[in-house]
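In case you want the letters, here they are:
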Amino acid sequence: DGGITQSPKYLFRKEGQNVTLSCEQNLNHDAMYWYRQDPGQGLRLIYYSQIVNDFQKGDIAEGYSVSREKKESFPLTVTSAQKNPTAFYLCASIPRGPGGELFFGEGSRLTVL
Amino acid sequence: GQNIDQPTEMTATEGAIVQINCTYQTSGFNGLFWYQQHAGEAPTFLSYNVLDGLEEKGRFSSFLSRSKGYSYLLLKELQMKDSASYLCAVRAPDTGGFKTIFGAGTRLFVKA
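Quick mapping for you: the protein sequence lines, in order, are chains A and B. In terms of the numbering used here, the first sequence opens at residue 7 and continues consecutively. In terms of the numbering used here, the second sequence opens at residue 142 and continues consecutively.
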């Protein structure tokens, strides 16, 4: 079945380490998104990509980096420059264009010790 | 700027009807979405409005007024499993394409 796969589901890291979260989709969607969610909060946009080899900063891009080398893949790196990285990270995709709902992965919960 | 407001929490009784309001101010508009999110899980899509009016889907209905920047989600015949957060989201154009902006969510508690 088509869908979005995020890994790992849970991740623990020490402060100061870079971490890469994987997001793979087989929905043939052009656009992919990374959101961050803190307890009791809504989703905040980190980065998004409309096509391969192109991506845009969202509202809270500082301390994060992404790449889009393949249509199916949009990995997110949480760098040591991110001041408060502990959060729930959600990857989503959508066909390119103005409309349509987002399809979400199951999320990755990152805890920095 | 971009802003989406919805109440933080609501409580309702099993079997009743509840209305969750959402107001938005965005630069451009390509549709309003409602998602349901249970604790620790990803959001799931509930409804989509791009034109003014009411969209009904089973026990859930969603209304949109673009001129007022206003939407509501109506849940009928509430069940305990409806206890969740409900996220209002707007899709809008951006310099790099289109993005979906979320409100902070409304946590709904359904009591027996």
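If you are wondering where the hints come from, they were derived from the structure by calculation, not from laboratory data. Mixed in with the good hints, there may be bad ones.
Okay, the calculated beta carbon distance ranges per label pair [to be verified]: (1) A:P45 x B:K198: 22 to 32 Å; (2) B:V191 x A:N32: 41 to 51 Å; (3) B:S206 x A:P101: 39 to 49 Å; (4) B:E197 x A:R102: 20 to 30 Å; (5) A:E21 x B:S208: 41 to 51 Å; (6) B:Q166 x A:S79: 29 to 39 Å; (7) A:K63 x B:G181: 36 to 46 Å; (8) A:F18 x B:E197: 18 to 28 Å; (9) B:E196 x A:G8: 24 to 34 Å; (10) B:V191 x A:K15: 28 to 38 Å; (11) B:F170 x A:G46: 25 to 35 Å; (12) A:L119 x B:E218: 37 to 47 Å.
Computed from the model, here is a short list of chain A residues facing chain B with C-beta under 7 Å [said to hold, decoys possible]: (13) F18; (14) Y54; (15) Q62; (16) L96; (17) G105; (18) L108.
Ideal Cβ positions, reconstructed from N, Cα and C, are used throughout, including at glycine.
Hints, one by one, checked against the model:
no.	hint	result
1	A:P45 x B:K198: 22 to 32 Å	holds, 29 Å
2	B:V191 x A:N32: 41 to 51 Å	violated, 27 Å
3	B:S206 x A:P101: 39 to 49 Å	violated, 27 Å
4	B:E197 x A:R102: 20 to 30 Å	holds, 29 Å
5	A:E21 x B:S208: 41 to 51 Å	holds, 49 Å
6	B:Q166 x A:S79: 29 to 39 Å	holds, 35 Å
7	A:K63 x B:G181: 36 to 46 Å	violated, 28 Å
8	A:F18 x B:E197: 18 to 28 Å	violated, 45 Å
9	B:E196 x A:G8: 24 to 34 Å	holds, 25 Å
10	B:V191 x A:K15: 28 to 38 Å	holds, 34 Å
11	B:F170 x A:G46: 25 to 35 Å	holds, 27 Å
12	A:L119 x B:E218: 37 to 47 Å	holds, 45 Å
13	F18	violated, 16 Å
14	Y54	holds, 6 Å
15	Q62	holds, 3 Å
16	L96	holds, 6 Å
17	G105	holds, 5 Å
18	L108	holds, 6 Å
Checked against the numbered hints above, the structure violates hints 2, 3, 7, 8, 13; every other hint is satisfied.
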